[in-house]
Amino acid sequence: MNLKNAVLALTVLAFVGFVSVTSADDTRVAGRKSLESRIAELEAKLQDAGVGGGVKGSGIKISGYVDTSYTLNLADRTEGGPFAGSSSQNTGRVFDNQYDAFNLNAVKLTIQKDKDSSKFPAGFRTDVILGEDANILNTASGVAPANAGDAALNLEQAYVNLGVPIGNGIDVKVGKMVSLIGYEAIESPANWQFSRSDGFRLAPNEQTGVTFGYKWNDIVTSTVGVINGWQGQFVGGSGGNGNTDLSFVGRLDFTGPKTEVGDFTAFAAAMYGNDNTPYIGAVGLANTMNSLTTYIWELGGTWAKPFGAKDLTLGVDYLWRHTEAQASAAAVGGAGSAYQAVPLWAGALSVYGKYDWSGLGAKWTSTSARFSWSQYDNNGVQTPPATVGQTLTLSPLVLYSGPAGANYERQTDLYSFTLTQAFNVWKDTLVRLEWRHDWTTANRAGFGGVGATAAPGGRDDIRQDQDTIAVNVVYSF
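Residue numbering for the sequence shown follows the working numbering, starting at 8 and increasing by one per position.
These aren't lab readings, by the way, just hints derived from the structure by calculation.
A couple of the hints might just be wrong.
Result set (PhoX-like, lysine-lysine): computed pairs, CA atoms no more than 25 angstroms apart in a straight line [claimed, not checked]: (1) Lys265 x Lys312; (2) Lys434 x Lys317; (3) Lys434 x Lys361; (4) Lys183 x Lys68; (5) Lys68 x Lys120.
For each label pair, taking beta carbons as the anchor points, the in silico distance ranges come out as [claimed, not checked]: (6) Val358 x Ser70: 29 to 35 angstroms; (7) Thr272 x Ile67: 37 to 43 angstroms; (8) Trp442 x Ser70: 27 to 33 angstroms; (9) Gly66 x Phe378: 26 to 32 angstroms; (10) Tyr77 x Ile177: 44 to 50 angstroms; (11) Thr374 x Val233: 40 to 46 angstroms.
Idealized CB from N, CA, C, for every residue including glycine.
The task is simple: from the sequences and hints, build the whole structure.
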């Protein structure tokens, strides 16, 4: 073979190889384009069905925390449990009610998608809480199973968030959400203290309905809502609206301008509901409440960097709750079964302070304190049931005041002082050491004592104070 023939042969082989490779590449490209077309077709069908985000899940965020603790009551065991008749409860507490125990308070998982910048934006949020906090929330809302310990699960929030392009934009939330009432949060790490204030116990935790929020300017934001009757959720463990009347809730939030004397934020909130629910078979009552008209007013505020103290923050909260209950005479200690109006009122004031030691070079720690005072009237205060299926009852607060029929004071003043040291040494981890002192001035009503029974007017041995220590560890993600 001469040189000319050799060059011709190599040229033919190169051309054949190029055609083969090009054909294979074209086949793969065609296949890829076909796959992309099928995906686009599937996304179009999903959008036609009303699923706007397709299958990509863009913008969905997942967060949460794990909250654990050890709680210790300093009561002398020889004097009886903290709550007479029960050796496992810290009297008058909400989530930190366990006595000398390690606790899995909460495992919280949040899945959310914020509204986008489109003309008609939409998003959602779902919050699930597992653990002993969920058990307490379930007990308070009548959702089975209560008393499940750290195996309980509570759906704290599940709502759709819509934007309406009117004015500055109306923020609409439809579903279940945390209440507009309240200075402190259900979530422990969101508060300065591990334990909750006395006022926290008087307010609803969650609400189901629709709210409308509007930001008027950089200073004022208002929110109004129509929700299921608060009291109705307790009936029969239904977790829904057990009556024909709805409740109304509203809130105004104020954000003041930054000034030389500090930064101010404040809010005013209110709730009204008339629950015509037939409460039948309440524990310890021959007849029970039928109509409950409840008003709640709350004022709160925070003052950061007061008079230039950049590491100091102060806070205050006042909540008043008034209920007009139509109850039988037997339910309030009278004779007969005729229903009568019974006013039930309670109020709570809490003052807060927090100092961040970063200005002194200790960025990893802060100190906070809280003083709370609450008062309950002679007819007691309406409280949630002890277990699912029970109904609301008239109660002289939650303090132990002796056996039925005993001549004890029902009007109660309750005080507490809480001191908390927080540490942020580990990344994304909050460690808190907390001491709390509770006391009451009520005669023969307090925090347990020797034995669980006594003759009327004979309980002079009931303790009027209580001290607890808690160690709290929270990891957030």
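Results for each hint:
Restraint check for lysine 265 and lysine 312: the C-alpha separation of about 10 angstroms stays at or below 25 angstroms, so the hint holds. For the hint pairing lysine 434 with lysine 317, the CA-to-CA distance comes to about 24 angstroms; that is within 25 angstroms, so the pair holds. Between the alpha carbons of lysine 434 and lysine 361 the distance comes to roughly 21 angstroms, so the proposed pair stays at or under 25 angstroms and holds. Distance check on the hinted pair: lysine 183 and lysine 68 sit about 19 angstroms apart at the alpha-carbon level, within 25 angstroms; holds.
Under the criterion of a C-alpha separation no larger than 25 angstroms, the hint pairing lysine 68 with lysine 120 is consistent with the structure, at around 6 angstroms. A hinted range of 29 to 35 angstroms holds for the C-beta pair valine 358 and serine 70, which are about 31 angstroms apart. The beta-carbon spacing between threonine 272 and isoleucine 67, approximately 30 angstroms, falls outside the hinted interval of 37 to 43 angstroms. At about 30 angstroms, the beta-carbon gap between tryptophan 442 and serine 70 stays in the expected band of 27 to 33 angstroms.
As the Cβ distance of glycine 66 to phenylalanine 378 is approximately 43 angstroms, the hint placing it in 26 to 32 angstroms is violated. The hinted window of 44 to 50 angstroms between tyrosine 77 and isoleucine 177 holds, with their beta carbons roughly 46 angstroms apart. Between threonine 374 and valine 233 the Cβ separation comes to about 42 angstroms, which falls inside the hinted range of 40 to 46 angstroms.
Checked against the numbered hints given earlier, the structure breaks hints 7, 9 and satisfies all the rest.
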